[in-house]
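> Sequence:
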Amino acid sequence: MKIVAGKYKGRTLFFKKTKEVRPMTEKVRSAIYDILQDWIVDKKMLDLFCGSGSVGIEAISRSAAHVDFIDMDTRIVIENVENLGIGESVSIYRKDVFSALQIIKKKSKRYDFIFIGAPYTFEKIPEILKNVDDFGILNHKGLMILEHVKGLDLHYTFKSLFHVKTYTYGQTILELFESNV
11 MKIVAGKYKG RTLFFKKTKE VRPMTEKVRS AIYDILQDWI VDKKMLDLFC
61 GSGSVGIEAI SRSAAHVDFI DMDTRIVIEN VENLGIGESV SIYRKDVFSA
111 LQIIKKKSKR YDFIFIGAPY TFEKIPEILK NVDDFGILNH KGLMILEHVK
161 GLDLHYTFKS LFHVKTYTYG QTILELFESN V
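Following this note's numbering, the numbering of the sequence shown begins with 11 at its first residue and continues without gaps.
Careful, some of the hints might be misleading.
The calculated DSS-like cross-link candidates involving lysine-lysine, where the alpha carbons are at most 30 Å apart (straight line), are [unchecked claim]:
(1) 160 x 116
(2) 105 x 116
(3) 175 x 151
(4) 134 x 117
(5) 160 x 134
(6) 160 x 175
(7) 105 x 119
(8) 54 x 151
(9) 12 x 115
(10) 151 x 17
Here are the simulated distance ranges between beta carbons [what the hints assert, rightly or not]:
(11) 167 x 20: 25 to 33 Å
(12) 191 x 113: 20 to 28 Å
(13) 162 x 17: 20 to 28 Å
Hints listed in this document are in silico derivations from the structure and should not be mistaken for laboratory results.
Every residue, glycine too, gets a C-beta built ideally from N, C-alpha and C.
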């Protein structure tokens, strides 16, 4: 797996592929940044369920200001960050997403971009979306992308987020939201 564009274009990222963990394809990662384009420059990002860190590292490569990585297993993202020498631009937290969101709320941290790439078998995505919405951790006009598999029921009324667009790439769906507060 390689970084698609930016300062670290072409550099290899380590990843672990198991039945539970599937690395995001370069096609889908490219699609995310086709959506964001230069908007990501100088933005603060939260990468939930970061896995190898490919989405957040791609953001750093494209000049994002800072990325907070959250995952229960941070070994591979740490290895990728160290390999690229980008430690000053990132923070890595070995936590479950719900605990991490509580800490972020208590610290009053806010982000310009949130990416949620939960495992396709993860059943609590609506709860995560509700927490992001309720906790107000996305800046005004901030963007959030949720990656999921076809068939996920997202019937939830948000207070501070509105759905902008749905993008489909085979079985992978990207849902784009924007904060209106």
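> Going back to the hint list, which numbers does this structure go against?
Hints 1, 9, 11, 13 are the ones this structure does not satisfy, whereas the remaining hints hold.
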